[in-house]
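Engineer: Below are the chains, spelled out letter by letter.
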Amino acid sequence: MGRYLLRRLLQLVPVFIGTTFLIYWLVWKVPGDPFAGKCGDRGCPDNFRAMMTEKYHLDQSIWVQYASYMKNLFQGDFGITYSGREISDIIMTSYPNTLKLAVVALTIEAVIGLGAGVLTGLRRNGFLDNLVLISTLFLIALPVFVIGFLLQWLLGVKWGIIHPTVSGEMRMSELIVPGFVLGSASMAYIARVARTSIAENRRADYVRTAIAKGLPMRRVVGVHLLRNSLIPVVTLLGTDLGALMGGAIITEGIFGINGIGRQVLRSIVTKESATVVGIVVVLVLVYLVMNLLVDLLYAALDPRIRYE
Amino acid sequence: MSDPSTASIVSTPPAHMPTEAGSGAPVDAGLPESAQKEQKPRSLLGDAWQDLRRKPLFWISAAFIVLFVVMAAVPFVFTSGDAVNGDLARSRVEPSSSAWFGYDVQGRDVFARTIYGARASIVVALLSTILTLLIGGAMGIIAGYRGGWVDALLSRIADIFFGLPFVLGSIVILTTFNGSGTDNGEWTIMGLVILSLTVLTWPVVMRLMRSSVLATKEADYIIAARAMGASTGRIILKHLLPNCLAPLLVYGTIMVGSFIGAEATLSFLGIGLKTPVVSWGIMISEAQNYIRVSPFLLFFPAAFLVTAVLSFVMLGEAVREALDPKLR
Amino acid sequence: MSEQSVPGADGSGRPAGRLLEVDDLRVEFRTRDGVAKVINGVTYHVNAGETLAVLGESGSGKSVTAQTIMGILDTPPGFVTGGQVRFHGKDMLKMSAEQRRRIRGEGIAMIFQDSLSALNPVFTVGFQIAEQFRIRRGMSRADAKKRSIEMLDQVKIPNAKGRYSNYPHQFSGGMRQRAMIAMSLALDPEVLIADEPTTALDVTVQAQIMDLLGELQRERRMGMILITHDLGVVADVADRIAVMYAGRIVEEADVYELYAKPAHPYTLGLLNSIPRMDEKGQELRTIKGLPPNLMNIPPGCPFNPRCPMAQPVCREKVPPLLQIGSGRASACHFAEELVSRD
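Top to bottom, those sequences are chains A, B and C. Quick note: the first sequence uses my numbering, first residue 1, plus one each step. Quick note: the second sequence uses my numbering, first residue 309, plus one each step. Quick note: the third sequence uses my numbering, first residue 637, plus one each step.
Because the hints were derived from the structure by calculation, they are not lab data. Don't be surprised by glycine CBs; every beta carbon is placed ideally from N, CA and C. Mixed in with the good hints there might be a few duds.
As the list claims (entries may be wrong) - Derived list of chain A stretches under chain C, where covered just means 3 residues or more per stretch with a C-beta under 8 Å from a C-beta of chain C:
1) 56-62
2) 224-238
3) 263-269
4) 298-304
Said to hold, decoys possible - Computed Cβ-Cβ distance ranges for the label pairs, DEER-style:
5) B:Gln414 - A:Asn72: 29 to 35 Å
6) B:Ala535 - C:Asp727: 19 to 25 Å
7) B:Trp457 - C:Asp838: 53 to 59 Å
8) C:Gly868 - A:Ala300: 43 to 49 Å
9) B:Glu526 - C:Pro794: 42 to 48 Å
10) C:Gly809 - A:Phe138: 43 to 49 Å
11) A:Leu128 - B:Pro584: 46 to 52 Å
12) B:Gln358 - A:Phe138: 46 to 52 Å
13) B:Thr540 - A:Gly256: 53 to 59 Å
14) C:Pro935 - A:Ala300: 41 to 47 Å
15) A:Arg266 - B:Pro584: 24 to 30 Å
16) B:Val458 - A:Leu6: 20 to 26 Å
Throw the hints in and build the complete structure from the sequences for me.
Structural biologist: Have a look at this one:
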C-alpha cells in the first residue's frame with residue numbers, strides 16, 4: 001500500500017510538471033513579446049517592464065523562468081497581476097465559489113443520476129427505463145452552453161421561477177439550476193453506468209446465491225447487488241469532482257458566478273499570463289490528486305484489486 | 309457534449325473477461341449448441357448488421373447524418389439565400405413564409421445561414437475525429453503492443469494532455485494562437501480548432517486502444533500467429549487491429565457528435581471560428597444578446613446543432629448495442 | 637400424479653416420507669429466436685436421508701429443474717408452464733414470495749458449480765456465512781461469527797478462524813467450494829441441491845469434496861439432489877439415479893441396477909462411453925449425433941435420431957416413463973427387451 005502510493009505519487013510528478021510547463025509555455029512564450037497588448041494601447045511603462053522582467057526572469061530561458069515560477073509557487077507566491085493585485089488573493093476569493101458550485105453539481109449528479117440508474121437497472125425496458133435512456137441521451141448530446149441558455153431562458157426569463165443570474169451571496173437555492181447545468185452530462189453518464197452495472201450484476205451468480213440463501217429481496221439488492229454495482233459509479237463521481245471545476249467556465253459565465261472559470265476567462269482576455277498559469281496549476285493539481293484518490297478508493301472498494 | 313474527453317459512453321470490455329465457453333452458464337444451459345449450429349454461421353459484424361437493420365433509431369439517425377453531410381457538401385441546393393451578406397433593413401424580422409427562419413441582426417437570412425453553418429461544423433468535427441483516431445489509435449497500439457518503457461513514456465505523455473481540462477485547455481491553446489490580435493484566415497482558424505480538439509482528446513482514444521490491445525495481445529490466436537513467425541506488422545494489421553476496431557468505430561461515431569458540440573462551444577466563447585465563417589456556434593453566440601426579444605435567432609441554429617449531435621451520438625449508441633450481444 | 641410418473645414402492649400415490657417432489661414440471665425459455673422447451677414434464681423426488689443423482693448432458697435441463705425448485709430461474713427468459721414442486725406435500729410454485737423465501741436456506745439449500753462467481757467477491761467469506769445467522773436467526777454479530785467459524789470447521793477448512801475474514805479470491809478452488817458448502821448448510825437445510833459441485837475442481841480435490849458431501853449428508857440425514865454429468869461421481873454417493881435427456885427423465889433406477897442393466901439406450905450409451913482400464917487402446921464408444929434443438933424437438937422419442945435401436949414407432953410416439961420392475965422406470969418403448977437381454 002505504502003509503496004503503491006509512493007509509486008503513484010512519483011508518476012504524478014512528471015505529469016504535473018509536463019502539464020503546467022505546457023501551459024506556461026503557451027501563455028508566456030508563444031505569443032512572443034510578453035508585454036504586447038497587456039497594458040492597454042499605450043504600452044507598458046519601462047519601470048513596470050523592468051520589475052516584471054526581474055520578477056518572472058523574462059530575460060532568461062523558458063526553463064529558468066518556469067523553474068523559478070514553480071519555486072515561488074510552492075512557497076505560496078503566485079505572483080501579482082499587472083495592476084499589482086496578489087494572484088493568490090484572486091484564487092482565494094473565487095475558488096470557494098467554484099468549489100461550492102462543483103459540490104452542488106456533484107450532489108445533484110449523485111442523487112438523480114444514481115437514483116435513475118438504479119431504478120432503471122432493476123426494471124429494464126419499462127416506461128421509466130426508456131424515459132431515462134432518452135433523456136440521458138439528450139443531456140449527453142446537448143452542449144453545456146445550450147442547456148444552460150435553455151434553462152436560464154425558460155426558468156429565468158420566460159417563467160420567472162428563478163433569478164437568471166446568481167447573486168454574490170451564492171445561496172444554495174440559487175445554485176441548484178447552475179449545478180444541474182454543470183453536472184448534466186456527467187449525471188447522464190452516471191445514470192447510464194449505474195444502469196448497465198446493475199443490470200449486468202443482477203444476473204450474476206452471487207446474486208443468485210444470495211437469493212438462494214433466503215435473504216430478503218431488500219438485502220439482496222441493497223447489500224449484495226448495490227455494493228458491487230456502485231464501484232464504477234463511485235469512481236466516476238470522484239474523477240468528476242476534479243473535472244467539474246475545470247469545466248465550470250461556461251456555466252459560471254452564463255449564470256454570472258464569480259468563480260475560478262470566469263476569472264481565468266477574464267485573465268485570458270486581458271492577457272494576465274501569471275493569473276492564467278496560476279489558476280490552471282491549481283486546477284491541474286486538484287484534478288491529479290482527485291484521480292489518485294479515486295485509484296486508492298477503487299482498491300478499497302474492490303478487494304480483488306491488488307496494489308502491484 | 310462540450311467535453312468529449314470525459315466521454316466514456318463506450319464501455320470497454322474488461323481486459324480479463326473469461327470467455328463463457330465451457331463454463332456452462334446456467335441461462336444458456338437450456339439452449340443446446342445445436343440450435344446455433346444449424347443456422348448459417350454469422351460473423352460478429354454480420355450479426356450486428358442484422359440487429360441494426362431492425363432498429364428504427366439507427367435509420368433515423370443515419371438519415372439525419374446523410375442529410376447533414378449533403379447539406380455541408382452542397383448547401384446551395386437547399387437554399388438560394390445569401391448566408392454572409394445581409395440587409396440591415398430586415399434586421400431581426402420574424403420568421404415568415406418568405407424567410408422560414410427569419411432574419412438576424414445584420415438582416416441575414418437565418419435559414420440560409422443555418423444551412424451553410426453545417427459545413428464548418430461537419431468539416432471540423434469529421435477532420436478532428438479522423439486525426440484523433442489516427443494519432444490516439446497509433447499511440448495506443450504502440451503502447452499496448454510494445455509495453456515496457458515505451459508504454460510508460462507514452463502513457464505519461466497522454467496523462468499530460470489528459471490532465472488539462474478540455475474547455476480550459478482549448479481556450480488557452482486558441483487564445484495563444486488565435487487571440488484577438490491575430491489575423492488568421494478562415495482555413496487557418498479551422499485548422500487551429502481541429503488541432504486543439506485533437507491535441508486534447510487523443511489520450512482518450514489512446515487509452516481505449518491500449519486496453520483493447522492489451523486484452524487481445526495475449527489471446528491464443530495472437531500467440532499462435534507469433535509462434536508461427538508472423539511479423540509484428542502483420543500481427544498488428546491482420547490480427548490486432550480488426551479486433552480492436554469495433555470499440556474505436558463506436559467511439560469515433562460518438563466523437564463526431566461531441567466535436568460538433570465542442571466546436572460550437574468554442575465559437576460561442578468567441579475563440580473558435582469567427583465571422584465571416586458561418587457556423588451554428590457563431591450564430592448562437594450572436595443570438596444570445598437578443599434572447600429576450602428574438603428567441604428564434606437562438607432556436608434554429610440550436611435545434612440544428614442538437615439534432616446533428618444527437619444523430620451521431622445515437623448512431624454510435626445503436627452500433628454499440630448491436631456489437632455488444634450482452635446488451636440485447 | 638399421472639401414470640407417467642414413478643409411483644411409490646407401494647404404488648399408493650404419495651407416501652408420507654417424500655420430502656421434495658417435482659411433478660410433471662414444464663419450463664420454457666422464451667427468447668428472441670423462439671421458444672425453447674427446456675423441461676418437458678420432469679418428475680422426481682427425494683426423501684430424507686437419501687441421495688438422488690440427476691444425470692445428464694449440458695442442456696438436458698437438470699440445472700434448470702434445480703433453479704426452478706430454488707425459485708431462482710431467470711424470468712424472463714425462463715417461464716414455468718406447468719407442473720408442481722412440492723415440499724412437505726405443499727406446492728411451492730403456488731406459495732407467496734415470502735413463504736418461498738423462508739424455505740430457501742432452511743428447507744432447501746443449494747451449492748453452485750463455480751464457487752468463485754457464486755460467492756460475492758467484495759465480501760469476506762465469513763460475512764457471507766454469518767449474514768444468514770444474523771438475518772435469518774437474528775443472532776448478534778459475535779454469535780453469528782462464532783457459529784460461522786464452527787461451520788467452516790465442520791467442512792474441514794484449516795485455520796477456520798483466520799479464514800473467516802478472507803475474501804473468496806484468496807481461497808483455493810477446493811477450499812472455496814468447502815466454504816460454499818458451509819454456507820449452504822448454515823441453516824441446517826432438509827434438502828441440499830448440489831449443482832455440479834465438483835466440475836470446476838481438480839480430480840483429486842473432486843474426490844475430497846464428494847466424500848465431504850456424502851459424509852455431511854449422512855450425518856445430517858439430509859435429502860440430497862446431486863446434479864452431475866459425470867457418471868464416475870455418482871456411483872459412490874448416490875442411492876438412486878435419474879437420467880435426463882432433452883428436458884425429460886428417461887430412466888430412473890437404483891444405482892446398482894442402473895449400472896448393471898440400463899433400461900434406456902441413452903443410459904447404455906452413457907455407460908459405454910466411460911473409458912475403461914481393461915479396454916485400453918480401443919476407441920471410445922461415444923453416442924453419435926447431438927442433443928436435439930430444444931426449439932424444435934423431433935416428434936416421438938426425443939432420443940430417436942441418435943438411438944441405435946430406433947424403430948418406426950420411436951418416431952411417432954413419445955414413450956412414457958413407465959415402471960419396470962420395482963422402483964425403477966424407463967421411458968423407452970423397448971425397455972423390457974433391454975433389461976431382459978444379456
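Engineer: Does each hint fit the structure? Answer for all of them.
Structural biologist: Do the hints match the structure? See the list:
no. : hint                            : verdict
1   : 56-62                           : violated (count 0)
2   : 224-238                         : holds (count 4)
3   : 263-269                         : violated (count 0)
4   : 298-304                         : holds (count 4)
5   : B:Gln414 - A:Asn72: 29 to 35 Å  : 48 Å, violated
6   : B:Ala535 - C:Asp727: 19 to 25 Å : 59 Å, violated
7   : B:Trp457 - C:Asp838: 53 to 59 Å : 39 Å, violated
8   : C:Gly868 - A:Ala300: 43 to 49 Å : 45 Å, holds
9   : B:Glu526 - C:Pro794: 42 to 48 Å : 34 Å, violated
10  : C:Gly809 - A:Phe138: 43 to 49 Å : 48 Å, holds
11  : A:Leu128 - B:Pro584: 46 to 52 Å : 48 Å, holds
12  : B:Gln358 - A:Phe138: 46 to 52 Å : 28 Å, violated
13  : B:Thr540 - A:Gly256: 53 to 59 Å : 56 Å, holds
14  : C:Pro935 - A:Ala300: 41 to 47 Å : 60 Å, violated
15  : A:Arg266 - B:Pro584: 24 to 30 Å : 27 Å, holds
16  : B:Val458 - A:Leu6: 20 to 26 Å   : 23 Å, holds
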